[in-house]
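**Student:** Given the coordinates of chain A, work out where chains B, C and D should sit on it, guided by the hints.
So you can see what is in the structure, the chains are spelled out below.
Protein chains: 4
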Amino acid sequence: MKLPAYIKDFEVWKSEFSYYYPVTVRFSETDAFGHLNNTVPFVYFEHARIQFFKECGLMGYWMDKGGETIPVTADLHCDYIKQVFFDEPLHIGIKVSEIGRSSVEIHYAIKNKAGEICITGRGRIVQVSKETGKSVSWDEHSVESLKKGAPVCLR
Amino acid sequence: MKLPAYIKDFEVWKSEFSYYYPVTVRFSETDAFGHLNNTVPFVYFEHARIQFFKECGLMGYWMDKGGETIPVTADLHCDYIKQVFFDEPLHIGIKVSEIGRSSVEIHYAIKNKAGEICITGRGRIVQVSKETGKSVSWDEHSVESLKKGAPVCLR
Amino acid sequence: MKLPAYIKDFEVWKSEFSYYYPVTVRFSETDAFGHLNNTVPFVYFEHARIQFFKECGLMGYWMDKGGETIPVTADLHCDYIKQVFFDEPLHIGIKVSEIGRSSVEIHYAIKNKAGEICITGRGRIVQVSKETGKSVSWDEHSVESLKKGAPVCLR
Amino acid sequence: MKLPAYIKDFEVWKSEFSYYYPVTVRFSETDAFGHLNNTVPFVYFEHARIQFFKECGLMGYWMDKGGETIPVTADLHCDYIKQVFFDEPLHIGIKVSEIGRSSVEIHYAIKNKAGEICITGRGRIVQVSKETGKSVSWDEHSVESLKKGAPVCLR
Numbered sequence: 001m002k003l004p005a006y007i008k009d010f011e012v013w014k015s016e017f018s019y020y021y022p023v024t025v026r027f028s029e030t031d032a033f034g035h036l037n038n039t040v041p042f043v044y045f046e047h048a049r050i051q052f053f054k055e056c057g058l059m060g061y062w063m064d065k066g067g068e069t070i071p072v073t074a075d076l077h078c079d080y081i082k083q084v085f086f087d088e089p090l091h092i093g094i095k096v097s098e099i100g101r102s103s104v105e106i107h108y109a110i111k112n113k114a115g116e117i118c119i120t121g122r123g124r125i126v127q128v129s130k131e132t133g134k135s136v137s138w139d140e141h142s143v144e145s146l147k148k149g150a151p152v153c154l155r
Numbered sequence: 001m002k003l004p005a006y007i008k009d010f011e012v013w014k015s016e017f018s019y020y021y022p023v024t025v026r027f028s029e030t031d032a033f034g035h036l037n038n039t040v041p042f043v044y045f046e047h048a049r050i051q052f053f054k055e056c057g058l059m060g061y062w063m064d065k066g067g068e069t070i071p072v073t074a075d076l077h078c079d080y081i082k083q084v085f086f087d088e089p090l091h092i093g094i095k096v097s098e099i100g101r102s103s104v105e106i107h108y109a110i111k112n113k114a115g116e117i118c119i120t121g122r123g124r125i126v127q128v129s130k131e132t133g134k135s136v137s138w139d140e141h142s143v144e145s146l147k148k149g150a151p152v153c154l155r
Numbered sequence: 001m002k003l004p005a006y007i008k009d010f011e012v013w014k015s016e017f018s019y020y021y022p023v024t025v026r027f028s029e030t031d032a033f034g035h036l037n038n039t040v041p042f043v044y045f046e047h048a049r050i051q052f053f054k055e056c057g058l059m060g061y062w063m064d065k066g067g068e069t070i071p072v073t074a075d076l077h078c079d080y081i082k083q084v085f086f087d088e089p090l091h092i093g094i095k096v097s098e099i100g101r102s103s104v105e106i107h108y109a110i111k112n113k114a115g116e117i118c119i120t121g122r123g124r125i126v127q128v129s130k131e132t133g134k135s136v137s138w139d140e141h142s143v144e145s146l147k148k149g150a151p152v153c154l155r
Numbered sequence: 001m002k003l004p005a006y007i008k009d010f011e012v013w014k015s016e017f018s019y020y021y022p023v024t025v026r027f028s029e030t031d032a033f034g035h036l037n038n039t040v041p042f043v044y045f046e047h048a049r050i051q052f053f054k055e056c057g058l059m060g061y062w063m064d065k066g067g068e069t070i071p072v073t074a075d076l077h078c079d080y081i082k083q084v085f086f087d088e089p090l091h092i093g094i095k096v097s098e099i100g101r102s103s104v105e106i107h108y109a110i111k112n113k114a115g116e117i118c119i120t121g122r123g124r125i126v127q128v129s130k131e132t133g134k135s136v137s138w139d140e141h142s143v144e145s146l147k148k149g150a151p152v153c154l155r
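Residue numbers (my numbering), protein chains in the order written: chain A, 1 to 155; chain B, 1 to 155; chain C, 1 to 155; chain D, 1 to 155.
Chain A with its partners taken away, still in its complex shape (with noise of 0.2 Å):
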């Protein structure tokens, strides 16, 4: 398997992940060839990213309604290495990789049962203000929070 240029180490990039969120493939994820359609993992990505910035404490923050900042997707890819069927019980895996001035990039794993990684990707939020669209320094506890990651996911 050829690596995607954002893994340099695939044992290393995969012990490195600690955070799982779960996730069951739907019927209406899969298309007429019988498997998870392409789009969807994007659909999974925001999800379990959004619950591992919640267990950071970041998602509060940012959702507040008197939060002046948002956090915006500046770019996203997504390697599929193994097919996914409908009703398979997937862990998407979520970890900060490189924490910037005012974004952060994240990398993805989602694995099937087994344990085999199916799915990889990566993508950079960057924090803007709602009012200008510009970017925002994240403050210290932001990188804190991101720097700390999220616990083990409890569900």
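Calculated from the structure, these hints are not laboratory results.
Mixed in with the good hints, there may be bad ones.
Pairs count within a copy or across copies, as identical chains cannot be separated in the list.
Heads up, simulated DSSO-like pairs for lysine-lysine below, C-alpha to C-alpha not over 30 Å straight-line [stated by the list, open to error]:
#, residue 1, residue 2
1, Lys82, Lys14
2, Lys113, Lys95
3, Lys54, Lys111
Owing to the predicted nature of the structure, the values given are computational and were not obtained by experimental measurement.
**Tutor:** Showing chains B, C and D alone in chain A's frame:
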């Protein structure tokens, strides 16, 4: 074919649609049974209904940030008559069936290329206050717009 | 609250649900009005219904490639009672309301964290032949499975 | 603007698109932040890509039940440049960037009404055997179809 309760005479009912919005079935809208997933017609209903409201001159009013009311879906019904497949060009028919004090009853008819009705539906939309969530009576302009319906779709 | 036609006595009706499937509202399932988009409950209905059929022992039979019949949605109704927002933990209640010759009437009740019913629904599923598309009578095993319903959700 | 790695010269890159598929942003495709949810461009990519393959004469071949191969998505990237809102009429540009032995690199450019590029993307599609799941070299006809690209969209 046994008619749904909201259709008295099928031929008369069909003949009352003059607005149709065109849609082509996306691959991501099919499922592993190889046909249009049963959750998708509601997506088509909403999209066509909004285009219809837009052409009636109502949508601009509701989406307008100064507007104090929004249209809320009170209920939705869908009857699946004929299977629909990937890439079928469909026409989503919309008509105003009944105008209430603060609500409107909308009927839906989805036709395939051959002009056959594959899916029918109905639903009630209620105008509510953004602030209180309570229903708000239509003003005269709204009633006139709904009565007039929309011109034949120009797309 | 005016009851939908398929609910005679709300308290009795509510008390008859024993199977609930848990779902958390995804961000991608909200819309620009800030709440759960009206098309999404049908996705929840299907997902929970299939989990229910699986626990009844029916899904394996239908998904089995050797199987000659598939369950097809004949109609679906949804009544929106209370707004639902991002990240709400919901429980999708499923019950068998009536078993026909080749069809089954399913009822749905979506509860929020406070135990309030936010959304109700119903729909008829018909067993059809993959080859002819015509309805196929339930065999005894299917009727028994449907009658028995599913055990209380184990998730 | 920092360019994604797959775009060398933005002006040249933009000028190479001649096929565009039109899409209007559906309300159900927005989210509670009020704009197009980040998972939706991939739905547009797939839909436009398939329409493009269809006009190239490749889609019929793949969907044909007698066909032994199917196109599988190997990876997908998306860069979000400019926010997109409800009801915006978009044009999804598709071009063949590189033809491999059994794969094809596709580029995407989503333009708004003002002709501004809001979203760019790329992804690799691989032709695989339905039976073995292994990659299958393009035949001459497929290469010619891909080389030729599609005529300017007629819709």
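**Student:** At most 30 Å between C-alpha atoms: does lysine 113 with lysine 95 qualify within a copy, between copies, both, or neither?
**Tutor:** both (20 Å within a copy, 29 Å between copies)
**Student:** Give the relationship of lysine 82 and lysine 14 under a CA distance limit of 30 Å: within one copy only, between copies only, both, or neither.
**Tutor:** within (16 Å within a copy, 33 Å between copies)
**Student:** I want to check one pair: lysine 54 and lysine 111. Are their C-alpha atoms no more than 30 Å apart within a copy, between two copies, both, or neither?
**Tutor:** Cα proximity of lysine 54 and lysine 111: in one copy and across copies (21 Å, 22 Å).
Comparing the model with each numbered hint stated earlier shows that all of them hold.
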